[in-house]
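Peer 1: Single-letter residue listing:
Number of protein chains: 2
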Amino acid sequence: MAQNKQLLLQKRPVGLPKSDTWKLVETMIPEPKEGEFLIKCEYVSLDPAMRGWMNDKRSYIAPVQIDEVMRAGGVGKVIASRNSKFTVGDSVYGITGVQQYVVTDGKGFHKVDPSLAPLPMYLGTFGMPGMTAYFGILKVGELKEGDAVLVSGAAGAVGSVVGQIAKIKNCKVIGIAGGVDKCKYLIDTLGFDGAIDYKNDDVKAKIKEYFPKGIDVYFDNVGGEILDAALGRLAMHARIVICGAISQYNNTDEVKGPSNYLSLLVSRATMKGMVVFDHAKDYGKAAQQMGQWMLEGKLKSKEDIYEGIENFHETFLRLFSGDKMGKLVLKVSEG
Amino acid sequence: MAQNKQLLLQKRPVGLPKSDTWKLVETMIPEPKEGEFLIKCEYVSLDPAMRGWMNDKRSYIAPVQIDEVMRAGGVGKVIASRNSKFTVGDSVYGITGVQQYVVTDGKGFHKVDPSLAPLPMYLGTFGMPGMTAYFGILKVGELKEGDAVLVSGAAGAVGSVVGQIAKIKNCKVIGIAGGVDKCKYLIDTLGFDGAIDYKNDDVKAKIKEYFPKGIDVYFDNVGGEILDAALGRLAMHARIVICGAISQYNNTDEVKGPSNYLSLLVSRATMKGMVVFDHAKDYGKAAQQMGQWMLEGKLKSKEDIYEGIENFHETFLRLFSGDKMGKLVLKVSEG
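Sequence lines, in order, name chains S and Y.
Each residue of the first sequence is one higher than the one before, starting from 1 at the first, in our numbering.
Each residue of the second sequence is one higher than the one before, starting from 336 at the first, in our numbering.
Derived from the structure by calculation, the hints contain no laboratory data.
A hint or two may mislead.
[Stated by the list, open to error] When the alpha-carbon atoms are kept at most 25 Å apart in a straight line, the in silico PhoX-like pairs for lysine-lysine are as follows:
{"no.": "1", "chain 1": "S", "residue 1": "LYS57", "chain 2": "Y", "residue 2": "LYS548"}
{"no.": "2", "chain 1": "Y", "residue 1": "LYS392", "chain 2": "S", "residue 2": "LYS256"}
{"no.": "3", "chain 1": "Y", "residue 1": "LYS616", "chain 2": "S", "residue 2": "LYS256"}
{"no.": "4", "chain 1": "S", "residue 1": "LYS40", "chain 2": "S", "residue 2": "LYS77"}
{"no.": "5", "chain 1": "Y", "residue 1": "LYS591", "chain 2": "S", "residue 2": "LYS208"}
{"no.": "6", "chain 1": "Y", "residue 1": "LYS442", "chain 2": "S", "residue 2": "LYS57"}
{"no.": "7", "chain 1": "Y", "residue 1": "LYS368", "chain 2": "Y", "residue 2": "LYS474"}
{"no.": "8", "chain 1": "Y", "residue 1": "LYS474", "chain 2": "Y", "residue 2": "LYS666"}
{"no.": "9", "chain 1": "S", "residue 1": "LYS144", "chain 2": "Y", "residue 2": "LYS474"}
{"no.": "10", "chain 1": "Y", "residue 1": "LYS543", "chain 2": "S", "residue 2": "LYS256"}
{"no.": "11", "chain 1": "S", "residue 1": "LYS206", "chain 2": "Y", "residue 2": "LYS539"}
{"no.": "12", "chain 1": "S", "residue 1": "LYS208", "chain 2": "Y", "residue 2": "LYS543"}
{"no.": "13", "chain 1": "Y", "residue 1": "LYS368", "chain 2": "S", "residue 2": "LYS213"}
{"no.": "14", "chain 1": "Y", "residue 1": "LYS616", "chain 2": "S", "residue 2": "LYS204"}
{"no.": "15", "chain 1": "Y", "residue 1": "LYS543", "chain 2": "S", "residue 2": "LYS57"}
{"no.": "16", "chain 1": "S", "residue 1": "LYS256", "chain 2": "Y", "residue 2": "LYS353"}
{"no.": "17", "chain 1": "S", "residue 1": "LYS139", "chain 2": "Y", "residue 2": "LYS479"}
{"no.": "18", "chain 1": "S", "residue 1": "LYS57", "chain 2": "Y", "residue 2": "LYS591"}
{"no.": "19", "chain 1": "Y", "residue 1": "LYS479", "chain 2": "S", "residue 2": "LYS57"}
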């Protein structure tokens, strides 16, 4: 009889997660009760934010508990239903967790259409990362036509969409990414105006070169030294969107605060934190707009898909080594 | 014959200024040319921002050059005039520099009325610090009635006005200051709801106690550990006004960046830098409003006046030791 493979948080990591951070267990496939339905999860989303959810610390969402299924967004198909709104065969997105089967009452789940876009894209450009990019750059970053825009983590699921949206809005866009291939991809495939390879370039010098008049919007996914380099080159009234800080998530010491934060004063600039959930009521509009751009060939989406729930740990670490391109997705079962 | 005593920047300080940072010289009293007038400076303003002007670094204003008169705001009387807009006997405010006499064409100078307020008050509550407080808390901080407000450097020229304005706007106001006397002054004289003595209290614990629901507006004059403590206790959509960072101005190491800056994300908060000059066109309105509050007894002003241009160095250091109360002013000559 089929079992449900589930990935549990076994131990809170200190620094980078180790293989004993997780525990893979097999349990009975749960049965939906009245009002519930059963999903077979096909793909789960691997995101930097998940590292934060593993810390026992006040944040924008409760921490994952020990021996709980690791929280993750996922897409899959309804295979049994006692809920009138969801029918067997529906494809759905929601916080499935890292597991092969999940029962839910539907709260936080919505249907997705696999004929419009492949399922993994609903974890990326049409999912949380895409929404984060859309609201982050347009609303929080208050993007204006002609702005000089810098984005870090630019080859990632959020950064790549941020940069493309800024290009659509006729901005000058420079991306920061790790390695020659990613930088080439940003320019050749995504149409960025320039790229900075933080693994090989002098980031500060390159920023100065690319932004002779300063940065109008800096979209930060990484924190650390790169945030400081950007703060050192702000234009007047610049906006800094704090979306994440992947360079700091596995710190065992204190987070490195931005030493150059006083340039906020010099440049009368604003640094603003964002969490995508605040914009939930407008997800539909954003998805429609992004779909339109995709049809017009202005917006490209890239998913990097690995297979096997038993490979979760190694795949998850690619977020931090940078050894992936675009949206990182794990296929946990056959659809 | 009378001479002009002038305080020159002799050497750029590393860390806290030393006595050889400055040089006191005597020169001939300058003669006004056509269109100019001569001011006898009576009081000069001593402000934390002056420390920044001494560094050879890009900022919101050019650095003071070596062997140049140290830049400072000042008030005095016109004693000779070949300018039709300024008459002998007029009291004026402007960037006089730390000296006893100055000739100017009037650019950046304006008349003040000594019958409305004593001259030193035009360096404090009716001068740059007061304007900084007014626009900083109301405009940059977007203060709303009922906000829970924390201000650091609260017994200083800016902080004391920030807190009083927030009280006028029916906010809960807690001030951070150094020492029992200053804390007592904040509560008993200025009407703050509470005070935290950073020299003796556990600042983090006290902030937690005073702000059970979090801080709506934090007005920061100090930076460093106190900024981090405030960031650790933000309410949703909090605003942090970055006005200064006195704890960092004499650093010989890198500025301490706010390690807790990711709470901007958790709390969807905004950190915004300000420079008062941006609000120059509205100074008149602000001064009128503050004058009105003063007449109504809602706004109190305190100046701490020391005497003698030869005592500039020791007096200036009081800004950093905290050994002063309210607006620090140096009397450089008899009016």
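Peer 1: Are the hints correct? Go through all of them and say.
Peer 2: Okay, the hints, checked on the actual structure:
1. S/LYS57 <-> Y/LYS548: Distance of about 17 Å is within 25 Å: holds.
2. Y/LYS392 <-> S/LYS256: Distance ~23 Å between Y/LYS392 and S/LYS256 Cα, so the pair holds.
3. Y/LYS616 <-> S/LYS256: 39 Å, violated
4. S/LYS40 <-> S/LYS77: Judged against 25 Å, a Cα distance of about 5 Å means the pair holds.
5. Y/LYS591 <-> S/LYS208: 23 Å, holds
6. Y/LYS442 <-> S/LYS57: 55 Å, violated
7. Y/LYS368 <-> Y/LYS474: Measuring from Cα to Cα gives roughly 41 Å; hence the hint is violated.
8. Y/LYS474 <-> Y/LYS666: It is violated: about 33 Å lies between the C-alpha atoms, which goes past 25 Å.
9. S/LYS144 <-> Y/LYS474: 22 Å, holds
10. Y/LYS543 <-> S/LYS256: Between Y/LYS543 and S/LYS256 the Cα gap is close to 23 Å, so the pair holds against 25 Å.
11. S/LYS206 <-> Y/LYS539: This hinted pair is violated, its Cα atoms lying about 39 Å apart.
12. S/LYS208 <-> Y/LYS543: Outside the cut-off at roughly 41 Å; violated.
13. Y/LYS368 <-> S/LYS213: It is violated: about 39 Å lies between the C-alpha atoms, which goes past 25 Å.
14. Y/LYS616 <-> S/LYS204: Distance ~36 Å between Y/LYS616 and S/LYS204 Cα, so the pair is violated.
15. Y/LYS543 <-> S/LYS57: 16 Å, holds
16. S/LYS256 <-> Y/LYS353: Violated, at roughly 31 Å.
17. S/LYS139 <-> Y/LYS479: Given pair S/LYS139, Y/LYS479 holds - Cα atoms ~22 Å apart, limit 25 Å.
18. S/LYS57 <-> Y/LYS591: 23 Å, holds
19. Y/LYS479 <-> S/LYS57: Violated: Y/LYS479 and S/LYS57 sit about 30 Å apart, past 25 Å.
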